[in-house]
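Undergrad: Take a look at the letters that make up each chain.
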Amino acid sequence: MRGRLALGLAGLAGFLLILEVIPRLGLVSSRYLPPATEIVGALGRELAETAFWTALRDTLNGWVLGLLIAAVAGIALGLLIGAVPLLRELTASTIEFLRPIPSVALIPLVVVLLGTGLESKLVLVVYAAFWQILVQVLYGVRDVDPVADETARAYGLDRSARIVHVLWPTALPFVMTGLRLAAAVALILCVTGELVIGAPGLGTRIAIAQTSGAVADMYALIVVTGLLGVAINVGARAVERRALRWHQSVRSEAAV
Amino acid sequence: MLNVEGLRKTYTGDGRAVEAIRDLTFTVPDGDLTCLVGPSGCGKTTLLKCIAGLLTPSGGTVTLDGTPVTGPPPGMAVVFQEYGRSLFPWMRVAANVELPLRQKRLPRERRRELVHESLAAVGLADAHAAYPWQLSGGMQQRVAIARAIAYEPRVLLMDEPFAAVDAQTRADLEDLIRGLWQRLGVTVLFVTHDIDEAVYLGRRVLILSSSPTVILEDLPIDLPAERDQLHTRATPRFTELRTHVYQQIQAAKNTVHADR
Amino acid sequence: MRVLKWTALPVVLIAIWWFATAGSEEFYVPPLQTIIESAPDVWTLDRLRADVLPSLLRLLAGFTLALIIGIALGVLIGGRPRVRATVEPVLEFLRAIPPPVLVPVIMLFAGIGDGMKVLVIVSGCVWPILLNAVEGVRAVDGVLTETARSYGLTGPARLWRLTLPAAGPQIVAGARQALSVAIILMVISEMFAASSGIGFTIVEFQRSFAIPEMWTGIIVLGLLGVLLSGLFRLAETAILGWYHGLRRAQKG
Numbered sequence: 001m002r003g004r005l006a007l008g009l010a011g012l013a014g015f016l017l018i019l020e021v022i023p024r025l026g027l028v029s030s031r032y033l034p035p036a037t038e039i040v041g042a043l044g045r046e047l048a049e050t051a052f053w054t055a056l057r058d059t060l061n062g063w064v065l066g067l068l069i070a071a072v073a074g075i076a077l078g079l080l081i082g083a084v085p086l087l088r089e090l091t092a093s094t095i096e097f098l099r100p101i102p103s104v105a106l107i108p109l110v111v112v113l114l115g116t117g118l119e120s121k122l123v124l125v126v127y128a129a130f131w132q133i134l135v136q137v138l139y140g141v142r143d144v145d146p147v148a149d150e151t152a153r154a155y156g157l158d159r160s161a162r163i164v165h166v167l168w169p170t171a172l173p174f175v176m177t178g179l180r181l182a183a184a185v186a187l188i189l190c191v192t193g194e195l196v197i198g199a200p201g202l203g204t205r206i207a208i209a210q211t212s213g214a215v216a217d218m219y220a221l222i223v224v225t226g227l228l229g230v231a232i233n234v235g236a237r238a239v240e241r242r243a244l245r246w247h248q249s250v251r252s253e254a255a256v
Numbered sequence: 257m258l259n260v261e262g263l264r265k266t267y268t269g270d271g272r273a274v275e276a277i278r279d280l281t282f283t284v285p286d287g288d289l290t291c292l293v294g295p296s297g298c299g300k301t302t303l304l305k306c307i308a309g310l311l312t313p314s315g316g317t318v319t320l321d322g323t324p325v326t327g328p329p330p331g332m333a334v335v336f337q338e339y340g341r342s343l344f345p346w347m348r349v350a351a352n353v354e355l356p357l358r359q360k361r362l363p364r365e366r367r368r369e370l371v372h373e374s375l376a377a378v379g380l381a382d383a384h385a386a387y388p389w390q391l392s393g394g395m396q397q398r399v400a401i402a403r404a405i406a407y408e409p410r411v412l413l414m415d416e417p418f419a420a421v422d423a424q425t426r427a428d429l430e431d432l433i434r435g436l437w438q439r440l441g442v443t444v445l446f447v448t449h450d451i452d453e454a455v456y457l458g459r460r461v462l463i464l465s466s467s468p469t470v471i472l473e474d475l476p477i478d479l480p481a482e483r484d485q486l487h488t489r490a491t492p493r494f495t496e497l498r499t500h501v502y503q504q505i506q507a508a509k510n511t512v513h514a515d516r
Numbered sequence: 517m518r519v520l521k522w523t524a525l526p527v528v529l530i531a532i533w534w535f536a537t538a539g540s541e542e543f544y545v546p547p548l549q550t551i552i553e554s555a556p557d558v559w560t561l562d563r564l565r566a567d568v569l570p571s572l573l574r575l576l577a578g579f580t581l582a583l584i585i586g587i588a589l590g591v592l593i594g595g596r597p598r599v600r601a602t603v604e605p606v607l608e609f610l611r612a613i614p615p616p617v618l619v620p621v622i623m624l625f626a627g628i629g630d631g632m633k634v635l636v637i638v639s640g641c642v643w644p645i646l647l648n649a650v651e652g653v654r655a656v657d658g659v660l661t662e663t664a665r666s667y668g669l670t671g672p673a674r675l676w677r678l679t680l681p682a683a684g685p686q687i688v689a690g691a692r693q694a695l696s697v698a699i700i701l702m703v704i705s706e707m708f709a710a711s712s713g714i715g716f717t718i719v720e721f722q723r724s725f726a727i728p729e730m731w732t733g734i735i736v737l738g739l740l741g742v743l744l745s746g747l748f749r750l751a752e753t754a755i756l757g758w759y760h761g762l763r764r765a766q767k768g
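Residue numbers (our numbering), protein chains in the order written: chain A, 1 to 256; chain B, 257 to 516; chain C, 517 to 768.
Because the hints were derived from the structure by calculation, they are not lab data.
Quick list of the computed label-pair ranges, beta carbon to beta carbon:
id: 1; chain 1: C; residue 1: PRO672; chain 2: B; residue 2: GLY435; range: 34 to 42 Å
id: 2; chain 1: C; residue 1: ALA566; chain 2: A; residue 2: LEU47; range: 44 to 52 Å
id: 3; chain 1: C; residue 1: ARG723; chain 2: B; residue 2: ALA386; range: 56 to 64 Å
Over the 10 Å line for every Cβ pair with chain B, so calculated as not near, a few chain C residues:
id: 4; residue: LEU520
id: 5; residue: PRO526
id: 6; residue: ALA538
id: 7; residue: VAL568
id: 8; residue: ALA726
id: 9; residue: SER745
Even glycine gets a Cβ: it sits at the ideal position worked out from N, Cα and C.
Using the sequences and the hints given, assemble the complete structure.
TA: Right, here's the structure in full:
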């Protein structure tokens, strides 16, 4: 375990070293790729600026709100659709059709309808994150053991009690997987919305750094989005593990 | 001829050393059917993997017809206990049997012939086009056996191949192995923890101690060559032999090695 | 009955859209009728050839390159525990970067031509494929590996008949994620800097306030997404037929 950690750190150090050496040797112009030390310097400057923290807060705001709305809607609709077979059959084709529509297709629409503020960004985030959660919840509901459901029925549990005691516990691991995937997708769409639409946040700051030729700052901000992404992935996995500690089956990633 | 000489295997890791096998020496003559039997967890699988060239022993040598085994030798086929995980699930039955033959670069005609013969020999002549996971456990293990015999090995190693199938299937498969062994003249080394199975199948039974493993006894099985489930198992001699093996293994379990 | 259940809700939704927007005075939400009527004029064969086809070709090129690079590196890394432990943190970081922010970076290097757009798609798509391939190769069943070894399966045969099929389900899962990333990047890179392509066209309509045309563009892009995911599913069924069968068999 300790060996793995050391190797991983060595890998990161090597990565930084390569980033430092390539522009220094002139293999790539430092106008395109500044040395790692300069990026770190720019990162330091960014951290000292209030505008950076405002941008970070805006991004996180959009991410949290979007994920929350998508989660509530996805879980509620998923359980409802999943619990009523007729509803499941009626909505199947619509879900199959709407899900693969790329959320970026909505960009022009939200710009003309909602402008370039938080709402536009939210629509993109919610649209992208919602399907991830809904689809996983539906998988989860489909996974319900018929014997468990029949047992519950035989003991006279009504539909709402069955949702609480049979459906929900079975679907929970899938819900968690959906949330983890949605969390990552939500960040992507959040930053995309900022970058393309100009809704305030880290994405806009990257766009500004690019157009003003502040290359090192641009890289520093990209590093921040990457670290944010890592934090979200690690956090989501930790939450998933914690929530499923009681669950005997640790589901494999392949099922995702 | 398969020769195992002074074989030792010690696992090291996390600063601890676990001695799995201590000094094993035995010989399996050509065309013999030897069963290795011992208490569970006695390093049988470790031993088999050392012989198959899948594990490097810590000491001692394995030689097949005078050639030291350092990696999987060409004249050897292994049938694993986990039939479900030993067959390639993305290949149909025929392709599974054929794969090692392609590796041997046999011409297509010969490959087809061998696949047909070996699948017929295990009673699966109509299963060519099925995927392994469409078959029952016993049938899957038959496919694994077919793959092994199609390979035309001189030595067939079997690692508790019937431990995961039901009793009825198990009896059928035991007779299948006896039959194939007699017909093909292949050398078989059969590892099992089932005493009845070892006595019923073997021409000779090597009784292993618990880990770190040594050989407790090399027991010739003087039952007639023609055996069948009903009568052989009912003979007094069979009962005597199995009682003997049973006692040896019980004693092995209760003996704690002096230095452990 | 099945057909009815399959079509009922879509028909109802489209009808609602049709009647709710009929006679709409709202500039940005034209009647569905207007949108549909304007579609044939906008999406002519010439337009499809000039804008949709190049987009699709860039998408295909980027996705294919990402597949090749991701699988090749994944096989190299996945089979070597020490290499894996060394590069995994870096890969996790690179994957976590939201791919669209790479657009400005790659514009620095590769300008605003086709090369840039393909590179953007590759640089975004390669991570899910690579990381899934690494995981898939790492997790090849031990018994299967030993079986292959004992039958002398080595070299290219081992790669084609053991490693790649065994890692297949994981790789496909990664490729599915990569495909949706690829579509996003195709559109974004064209919105940023392009003179053709479907993303460019839609933004042009928006900027020139050709609203019904913009709506048709969004619908076409949506249909493209549906089409691509349908094609992906066909490919998946062909490649992973055995895997789905196996899973069904295990579930009993």
